Amino acid sequence: MSIAVIDYGAGNVASVERALQKLGVTPERITGPEELPGASAIILPGVGHYAAIIRALDTQNLRTPLLESLSRGTPFLGICLGLQALFASSEEAPLLAGLGLFSGAVRALPPTVKLPHMGWNRLRILNPSPLLEKISDADYFYFAHTFAARTTAETSAATCDYGEPFTAVLQRANVFATQFHPEKSGAAGARILQNFLRLAA
Amino acid sequence: MSLARRIIPCLDTDGARVVKGVNFVGLRDAGDPAKLAARYDAEGADELIVLDIAASRDRRPTFLETIRQVAAVLAIPLTAGGGIRSLEEARSVVRAGADKITVNTAAVERNELISELSAEFGAQAVVLAIDAKLQKSAAGLCWDVRVRGGRDSANLDALQWAQRAVELGAGEILLTSMDRDGTQAGFDIALTSSISGKVSVPVIASGGAKTPEHFAQVFSEGAADAALAASIFHDGAQSIRSLKQFLAAKGLEVRFPC
Numbered sequence: 001m002s003i004a005v006i007d008y009g010a011g012n013v014a015s016v017e018r019a020l021q022k023l024g025v026t027p028e029r030i031t032g033p034e035e036l037p038g039a040s041a042i043i044l045p046g047v048g049h050y051a052a053i054i055r056a057l058d059t060q061n062l063r064t065p066l067l068e069s070l071s072r073g074t075p076f077l078g079i080c081l082g083l084q085a086l087f088a089s090s091e092e093a094p095l096l097a098g099l100g101l102f103s104g105a106v107r108a109l110p111p112t113v114k115l116p117h118m119g120w121n122r123l124r125i126l127n128p129s130p131l132l133e134k135i136s137d138a139d140y141f142y143f144a145h146t147f148a149a150r151t152t153a154e155t156s157a158a159t160c161d162y163g164e165p166f167t168a169v170l171q172r173a174n175v176f177a178t179q180f181h182p183e184k185s186g187a188a189g190a191r192i193l194q195n196f197l198r199l200a201a
Numbered sequence: 001m002s003l004a005r006r007i008i009p010c011l012d013t014d015g016a017r018v019v020k021g022v023n024f025v026g027l028r029d030a031g032d033p034a035k036l037a038a039r040y041d042a043e044g045a046d047e048l049i050v051l052d053i054a055a056s057r058d059r060r061p062t063f064l065e066t067i068r069q070v071a072a073v074l075a076i077p078l079t080a081g082g083g084i085r086s087l088e089e090a091r092s093v094v095r096a097g098a099d100k101i102t103v104n105t106a107a108v109e110r111n112e113l114i115s116e117l118s119a120e121f122g123a124q125a126v127v128l129a130i131d132a133k134l135q136k137s138a139a140g141l142c143w144d145v146r147v148r149g150g151r152d153s154a155n156l157d158a159l160q161w162a163q164r165a166v167e168l169g170a171g172e173i174l175l176t177s178m179d180r181d182g183t184q185a186g187f188d189i190a191l192t193s194s195i196s197g198k199v200s201v202p203v204i205a206s207g208g209a210k211t212p213e214h215f216a217q218v219f220s221e222g223a224a225d226a227a228l229a230a231s232i233f234h235d236g237a238q239s240i241r242s243l244k245q246f247l248a249a250k251g252l253e254v255r256f257p258c
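Sequence lines, in order, name chains A and B.
Per my numbering, the first sequence starts with residue 1, numbered consecutively.
Per my numbering, the second sequence starts with residue 1, numbered consecutively.
Source of the hints: derived by calculation from the structure; they are not laboratory data.
Predicted model only: the values in this text are computed from it and were never measured.
Facing chain A, from chain B, some residues (calculated, C-beta under 7 Å):
id, residue
1, L3
2, A4
3, R6
4, D46
5, A75
6, I76
7, P77
8, F121
9, G122
10, Q124
11, G171
12, V201
13, P202
14, R255
15, P257
Idealized CB from N, CA, C, for every residue including glycine.
Kindly generate the complete structure, drawing on both the sequences and the hints.
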């Protein structure tokens, strides 16, 4: 099993690697398109600005091979910006085209709450997902973001409520993503990563 | 369902060892950073802050090694800072394993540092630390911003500085009461509520914590989003788990690790 972690220069790549190593897996850090087709699973961690991840995916020539791997059925886990990048666009950088795997724009959370949404919050689980095995509405996960994807009945496996409900866990077929940081979410986060690794095995 | 109030232990280090003191002076050794970090993570700390209070250039490699060791044992977010003056220094701290960077004096001296860090790492990774000291004023309560470890006045109003920093891209305010720090007399509720009510980002209250009641107060009356303490946790005088049980019994939302 070779787990590819896409490194576009985001700060949390090393955290994700450490979290996987604690689960007994040594991932491969990927910066270009060559290694993607051989990966048995792909993780796209992200943190920071939407423009940075989208520009990096293009300058590192990862956009097309990544979409090809996803359509071939390779298990994929996007984290934080790695979830937002899957959508068509984001209010944070309106002129850039996202990966477009999911329709619609990522939007800012409402200004009625303190932003960024920073800290530990719970999920409302809508649909059973292999990523959410042994996870319940009582578990807390670490969020650190200002923008979020709206929820849809088909693709939101779980939502979170902060100012308004938004997609906390996204799933369609082999494509999974979390708005929170499983690599920073203690034991509950480790269970999410473990569940993903099981899918990749 | 809402966001849990965070409990954040702080490790003040001289680069390599955790130290503690009263009102920023009289430091003594309080333990190994990685050992304390692992204990706090297991006890249910929501985040950890590691500060280099010596912040001297020649000790910087030691501090980066401390960050690496702490990050390696944590499964919760890590904020690090102390003497960060440039984007390049912040990068080395992030590369060593910090999720967020905290800046203080250098941001007062050169405000653009905040926007540079925010553009590079995102606002969620930029924590502005403010050391505030009460000033008698005819206009009512106001707090002066102190820099260089609390020694000098920045001649800035804490509230105005907090608001300016948020405009520049700070994603969080770490607000320390210089009047309460090390006294164990409780958080400065007036300071915390006056800043927290007027900025759009989360505020971490710091300085003066001793009892669980102090934490309950700063959350309910001070409108703090998170509360930080150091010595009461290092001593073992207060366990994080029993503190959270106290807060939960008061109806405050807190996270219990499972």
